[in-house]
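> Could you build all of it, start to finish, from the sequences and the hints given here?
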Amino acid sequence: MTVYPNPTANPTETEARNLVTMRKMITAFNENSRDIVAQCVDPNLISYSPHQPGTERQEDEIAVQRAAFPDLYYSEEITIADGDMVFLGWQSTGTHSGPMLGTAATGVRFELHGGEVARFRNGLIIEHWDHWLKPRGQCYIILDALPAEEVSRLQAGGLL
Amino acid sequence: MPDTRDTNKALARKILSAWNQRGETHMPEELAHPQMVRYFAPPVGMASALGQPPVAPALPVTAIQGQNYQEDLIIADAEYTFTAWHMTGQHLGTLYGRPATGLPVTVYGADVIRVVDGQVIQHWDWYSKSRVQALGQLGLLDADMQSYLINNGLLGRNRKLP
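Protein sequences, first through last, are from chains A and B.
For the first sequence, this note's numbering begins at 1 and goes up steadily by one.
For the second sequence, this note's numbering begins at 1 and goes up steadily by one.
A portion of the hints provided could be inaccurate.
To be verified - One side only, chain B facing chain A, incomplete, derived with CB under 8 Å:
{"hint": "1", "residue": "Ala76"}
{"hint": "2", "residue": "Ala78"}
{"hint": "3", "residue": "Trp126"}
{"hint": "4", "residue": "Asp142"}
{"hint": "5", "residue": "Leu155"}
{"hint": "6", "residue": "Arg157"}
Stated by the list, open to error - Per the computed footprint, the stretches of chain A lying under chain B, defined by three or more beta-carbons under 8 Å from a beta-carbon of chain B, are:
{"hint": "7", "region": "113-119"}
{"hint": "8", "region": "147-158"}
None of these hints come from the bench; they were simulated from the model.
Quick reminder that beta carbons are idealized off the backbone N, C-alpha and C, glycines included.
Following this line, the structure appears as structure tokens:
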């Protein structure tokens, strides 16, 4: 059963352009492409959600994710465009094939659901939020990689 | 005539307001389309009053009391509305078998609704995020609790694949 809605109906020209760019970010993550990120993200991007050390820049987050989950694949579940804002809900699948949080690869395959919010300026992402939807804790639990000390560390960093 | 986006945003705000009265996942009858479908994780606990597949709130109001939902951000087109929120409450009742700690929690979450004829016809949420977040804040996210979440479908649509 298809449970996900259609893309924004009758978007304005600006909204349509922003949706194209938001979807290109999915491609950037799937193709491990720093070049595509550079085409989509304003160099002065402000991200309001906590990130793991070393992943403040979007392209660096791709690299960290790829190291643990080389086959990680994102697909769109829903997009909503509203003026200069876009919400993107995604589904991802992957296999834990590299070390993560000091945990060796488990070979576990997983499915995760999350989302991103972006504000655009001149066609580029200038602000970003993901803390409402980032399934970081759920991912670690599924991989059996969340000992008590890591819960504390994630908690302290606002990463859970 | 008001913009459809604005009326959809107003509807989303009514839902948040209802949650402050009745707890998360409550859908006031006047806002629910007769054919409303809600896409939640595998069911536990609470059953929907509308005969739809049962749904579970992120955090039961008996456990996290004084729940107060506040809007962080709303994004809407003519049909769909995304609502990002945060909730504050206090752990004053048994939560998944664990006694009250008395601790406060602040968690983040989001919902998407599709509106037809001024009523919600579809509803999606990502509620496992706020549940895991709260358990971490309360010091209850130990190995046993993690197993409990997995075994009872409390990680939402997030899952281990075969």
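> So, for every hint listed, does it hold in this structure?
So, going through the hints one by one against the coordinates:
1. Ala76: holds (6 Å)
2. Ala78: holds (6 Å)
3. Trp126: Result: holds, 5 Å to nearest chain A Cβ.
4. Asp142: holds (6 Å)
5. Leu155: It holds, given that the least Cβ distance between leucine 155/B and chain A is near 5 Å, below 8 Å.
6. Arg157: The hint holds - arginine 157/B has a Cβ within 8 Å of chain A, the shortest such distance being about 5 Å.
7. 113-119: Per the Cβ count (4), the hint holds.
8. 147-158: holds (count 5)
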